[in-house]
Structure formats: structure tokens, C-alpha cells
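**Student:** If you want the building blocks of each chain, they are given just below.
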Amino acid sequence: GEDVEQSLFLSVREGDSSVINCTYTDSSSTYLYWYKQEPGAGLQLLTYIFSNMDMKQDQRLTVLLNKKDKHLSLRIADTQTGDSAIYFCAEKETGGFKTIFGAGTRLFVKA
Amino acid sequence: SQTIHQWPATLVQPVGSPLSLECTVEGTSNPNLYWYRQAAGRGLQLLFYSVGIGQISSEVPQNLSASRPQDRQFILSSKKLLLSDSGFYLCAWSRGRPGPQETQYFGPGTRLLVL
Numbered sequence: 011g012e013d014v015e016q017s018l019f020l021s022v023r024e025g026d027s028s029v030i031n032c033t034y035t036d037s038s039s040t041y042l043y044w045y046k047q048e049p050g051a052g053l054q055l056l057t058y059i060f061s062n063m064d065m066k067q068d069q070r071l072t073v074l075l076n077k078k079d080k081h082l083s084l085r086i087a088d089t090q091t092g093d094s095a096i097y098f099c100a101e102k103e104t105g106g107f108k109t110i111f112g113a114g115t116r117l118f119v120k121a
Numbered sequence: 107s108q109t110i111h112q113w114p115a116t117l118v119q120p121v122g123s124p125l126s127l128e129c130t131v132e133g134t135s136n137p138n139l140y141w142y143r144q145a146a147g148r149g150l151q152l153l154f155y156s157v158g159i160g161q162i163s164s165e166v167p168q169n170l171s172a173s174r175p176q177d178r179q180f181i182l183s184s185k186k187l188l189l190s191d192s193g194f195y196l197c198a199w200s201r202g203r204p205g206p207q208e209t210q211y212f213g214p215g216t217r218l219l220v221l
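Read top to bottom, the protein sequences are chains A and B.
Sequential numbering from 11 applies to the first sequence in our numbering.
Sequential numbering from 107 applies to the second sequence in our numbering.
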């Protein structure tokens, strides 16, 4: 069945780069997303990538997709304390309403 | 601009009591609407989605139900809450047909604690 897996925690120092990894199982997934959830709040879409792309960069965020290994990563350059949050990886198949979310990776940024 | 509201923000209910959570969207018409539950330390679980008034699809069989009495209103209900219903409930909306532009926008969530 469909499944998205992420590590639960990541701790980095302020100014370092953060890399959050995700693996998914559904080979028909066409759209892959990264969402950010700050404490007590809803999810905010950070970025998404189509399955026919290998990389997407948006300011401090870089998304890398390895379709062969079904591996997605989010790199945050120059991580700031305001980046502390839970980051969710998600996938959706073409034409589907259902988005499958991972359990989220909690990012701690130490000053 | 579009906004999505959920209320209440926090709710503490006894086991066996009824539940009604409300979600409304402003600034758009005929949105796709979703209810998710986020249990502690887990990802989001899709509970229901709706593509139009009175059209509800259930993803997970359980003691919850959803209704869409108006175009931009989505209600999550239960007749009798269970302890396992505790969690963070998120409503989301999206526009148009599923596809690359169908980004979901989430509300602030309702934290439900069943005691």
C-alpha cells in the first residue's frame, strides 16, 4: 500500500544546513510535497516537485528527488531558529484526491 | 484572498459525548474540502473529502461523519466520542481538478482531547 516514511527528529546548529529525508512507496506518485507545521498551527505548503524533475530550488530550500530509489529530500541552507518546526513529506498520484503524508520530522535549531 | 477558519481551537470532551467541528472557507467558490486527523507523533490521516455540496467521501471507517451543508462549510461530527478520537483535526481546501495546481491550504486546526 501507499506509505511515506521520515525520520522523526533532526537537530542542527543555527547557520548550518539541514537535510530532511523521506521515502515513499507509490511508484505512481506524480506530485511530492513538503509542508511545514509550526507549533499549534496548520500546515503550510513550502514547495512541491513533479515526478519528472530531479531538483527544485527556491531561495534557501532545495528539493532533490531520486525516482529510482523513491527518495525525496529537503535541504534548508543557513538554517535559522525560525525554521524550527515539523516538516511533512507528502505524495499524491495523478488525478487522485488523496494526499499521503509522512509522520513528520521535527527540526530543532540550536542557537 | 482566501481564508480558512476552524472552530473551536481547543475542545475537551468526555467519552460518549457528541462532537461537532466546523470549517469554513472564504474568498473562493466550490472548493474541494478535506478533514484530516493528526495523532500525536504521527502523520496526517485523511478522514473525509468533498468535491461539492452533499458529496462526501470517507477514507477511514469509524465513528466519525462529515457533512457539507453549504458550498464553503464542512462539518465533522460524532454521535459518541471514543478516547481514540483525541487528536489534532485539520481542515483543508483546494481549488479545481486534482493536478499540479491542486495545492491544499490548511486551517489552524482544532485540538480535541477526549477524557
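Note that these hints are calculated values from the structure, not bench results.
Treat the hints with care, since some could be wrong.
As the list claims (entries may be wrong) - EDC-like cross-link-like pairs, simulated, lysine to aspartate or glutamate; straight-line CA separation at most 16 angstroms: (1) Lys108(A) - Glu165(B); (2) Lys46(A) - Glu103(A); (3) Lys108(A) - Asp36(A); (4) Lys108(A) - Glu208(B).
Stated by the list, open to error - Chain B is nowhere near these chain A residues, computed Cβ spacing over 10 angstroms in every case: (5) Val14; (6) Glu24; (7) Leu53; (8) Asp68; (9) Asp79; (10) Arg85; (11) Val119.
As the list claims (entries may be wrong) - Quick list of the computed label-pair ranges, beta carbon to beta carbon: (12) Glu165(B) - Gly50(A): 22 to 28 angstroms; (13) Gly122(B) - Met65(A): 49 to 55 angstroms; (14) Leu55(A) - Gln151(B): 14 to 20 angstroms; (15) Glu128(B) - Lys108(A): 32 to 38 angstroms; (16) Ser163(B) - Gln90(A): 45 to 51 angstroms; (17) Glu132(B) - Gly92(A): 23 to 29 angstroms; (18) Lys120(A) - Ala145(B): 42 to 48 angstroms.
The beta-carbon is built from N, C-alpha and C at its ideal position, and this holds for glycine as well.
**Student:** Determine for every hint whether it applies to the structure shown.
**Tutor:** Here is how each hint holds up against the structure:
With a C-alpha separation of about 9 angstroms, the suggested pair lysine 108(A) and glutamate 165(B) falls inside the 16 angstroms cut-off, and the hint holds. With a C-alpha separation of about 21 angstroms, the suggested pair lysine 46(A) and glutamate 103(A) falls outside the 16 angstroms cut-off, and the hint is violated. At roughly 12 angstroms between alpha-carbon atoms, lysine 108(A) and aspartate 36(A) fall within 16 angstroms of each other, so this suggested pair holds. Between lysine 108(A) and glutamate 208(B) the CA atoms are separated by roughly 11 angstroms; this keeps the pair inside 16 angstroms, and the hint holds.
Chain B draws valine 14(A) into its interface by the beta-carbon criterion, the shortest separation being 7 angstroms against a cut-off of 10 angstroms. Here glutamate 24(A) stays apart from chain B, with its beta-carbon at least about 25 angstroms from theirs, past the 10 angstroms limit. At the 10 angstroms boundary, the C-beta of leucine 53(A) falls inside the reach of chain B, the nearest C-beta of that chain being 4 angstroms off. The beta carbon of aspartate 68(A) is kept farther than 10 angstroms from every beta carbon of chain B, the shortest such distance being approximately 14 angstroms.
Under the 10 angstroms C-beta cut-off, the non-interface status given to aspartate 79(A) relative to chain B holds; the minimum distance is some 20 angstroms. No beta-carbon of chain B comes within 10 angstroms of the beta-carbon of arginine 85(A); the shortest separation is about 21 angstroms. At the 10 angstroms boundary, the C-beta of valine 119(A) stays outside the reach of chain B, the nearest C-beta of that chain being 20 angstroms off. Roughly 25 angstroms separates the CB atoms of glutamate 165(B) and glycine 50(A), a value that falls within the hinted 22 to 28 angstroms.
The given range of 49 to 55 angstroms is respected by glycine 122(B) and methionine 65(A), whose C-beta atoms sit roughly 52 angstroms from each other. The hint said 14 to 20 angstroms for the Cβ distance between leucine 55(A) and glutamine 151(B), and at roughly 19 angstroms that hint holds. Against the hinted window of 32 to 38 angstroms, the Cβ-Cβ separation of glutamate 128(B) and lysine 108(A) comes to about 23 angstroms, which falls outside the hint. The hint said 45 to 51 angstroms for the Cβ distance between serine 163(B) and glutamine 90(A), and at roughly 40 angstroms that hint is violated.
Under the hint 23 to 29 angstroms, the C-beta atoms of glutamate 132(B) and glycine 92(A), about 28 angstroms apart, fit the expected range. Our hint of 42 to 48 angstroms for lysine 120(A) and alanine 145(B) is violated, since their Cβ atoms are close to 28 angstroms apart.
Of the numbered hints stated above, those contradicted by the structure are hints 2, 5, 7, 15, 16 and 18, listed in ascending order.
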